[in-house]
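**Q** Next come the chains, spelled out residue by residue.
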Amino acid sequence: DTEVTQTPKHLVMGMTNKKSLKCEQHMGHRAMYWYKQKAKKPPELMFVYSYEKLSINESVPSRFSPECPNSSLLNLHLHALQPEDSALYLCASSQALDYKGTQYFGPGTRLTVL
Amino acid sequence: SQQGEEDPQALSIQEGENATMNCSYKTSINNLQWYRQNSGRGLVHLILIRSNEREKHSGRLRVTLDTSKKSSSLLITASRAADTASYFCATVRGYNNNDMRFGAGTRLTVKP
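Chains Z and R are the protein sequences, given in the same order. According to the working numbering, the first sequence is numbered sequentially starting from 18. According to the working numbering, the second sequence is numbered sequentially starting from 17.
Derived from the structure by calculation, the hints contain no laboratory data. Computed from a predicted structure; not experimentally measured. Each hint should be verified, as a subset may be incorrect.
[As the list claims (entries may be wrong)] Just so you have them, the derived chain R footprint on chain Z, three or more residues with Cβ under 8 Å:
id	segment
1	29 to 35
2	50 to 60
3	91 to 104
[Stated by the list, open to error] Residues on chain Z that point at chain R, a partial pick, calculated with CB under 10 Å:
id	residue
4	Val21
5	Val65
6	Ser67
7	Ser72
8	Ile73
9	Pro86
10	Asn87
11	Ser88
12	Lys117
13	Thr119
14	Tyr121
Ideal Cβ positions, reconstructed from N, Cα and C, are used throughout, including at glycine.
Looking at chain Z on its own, in the form it has when it is part of the complex (with noise of 0.2 Å):
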């Protein structure tokens, strides 16, 4: 199984709204990626997670909150979000310590804050 999966795909909510988006893969990675991608413009990593601890941050704001629960799932929770963070949120996964780094994406949840 080489498959990162993402729920939901698409994501509608208010500024006031509290929701979650999740990621899975069953591939055994141990690290575990967040990235924003806007329109016409490249990803943008926010965090990273290697074997469940947070190891990167990207001063992204504290209205994303990760969370890695097991090495299978990654979180993100978000809370008072702004329109401008309407984008593609996408997960990713790789092998921790792998000397290539090649990372495995999954669709991508399309956010819409209104």
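Since the structure of chain Z is already known, use the hints to place chain R on it.
**A** Frame of chain Z, contents of chain R only:
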């Protein structure tokens, strides 16, 4: 933050022609990878070149890396309409290779 620039930003060619995309980056790297993305969906890994390599081939793909100029190029030969997509270079750094930053990307359109 974004690592580097890619050019051209957009490229339109006829089926059967070759497509060349360039990528420049700013910091030292462990390796450089190229990814493809169709219509705002997930990215797919195409090819990886390590910092001590100069050229790699995979099927119709050829990648070059010049670490002295901090630049790379991706050549797609004999392009097909199905190659229409956005192509991103990504530089990998860090002791465990999990710090990956993407270039701006090239939008390739292959006309049938």
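**Q** Now, for every hint given, state plainly whether the structure supports it.
**A** How the hints compare with the structure:
1. 29 to 35: Violated - the segment 29 to 35 of chain Z has 0 residues with a Cβ nearer than 8 Å to chain R, which falls short of three.
2. 50 to 60: Since 7 is at least three, the answer is holds.
3. 91 to 104: violated (count 0)
4. Val21: Holds - the Cβ of valine 21(Z) comes within 10 Å of chain R, reaching about 7 Å at its closest.
5. Val65: This interface hint holds because 5 Å falls under the 10 Å limit.
6. Ser67: holds, 6 Å
7. Ser72: OK, holds: serine 72(Z) within 10 Å of chain R, min 7 Å.
8. Ile73: Hint on isoleucine 73(Z): holds, closest Cβ of chain R at ~6 Å, below 10 Å.
9. Pro86: violated, 19 Å
10. Asn87: For asparagine 87(Z), the interface hint is violated, since the closest Cβ of chain R sits about 18 Å away, which is over 10 Å.
11. Ser88: Where the cut-off is 10 Å and the nearest Cβ of chain R is about 14 Å from serine 88(Z), the hint is violated.
12. Lys117: At about 6 Å, which falls below the 10 Å cut-off, the nearest Cβ of chain R leaves the hint on lysine 117(Z) intact, so it holds.
13. Thr119: Check passed: Cβ of threonine 119(Z) comes within 5 Å of chain R, closer than 10 Å.
14. Tyr121: holds, 7 Å
Consistency note: the structure conflicts with the earlier hints numbered 1, 3, 9, 10 and 11.
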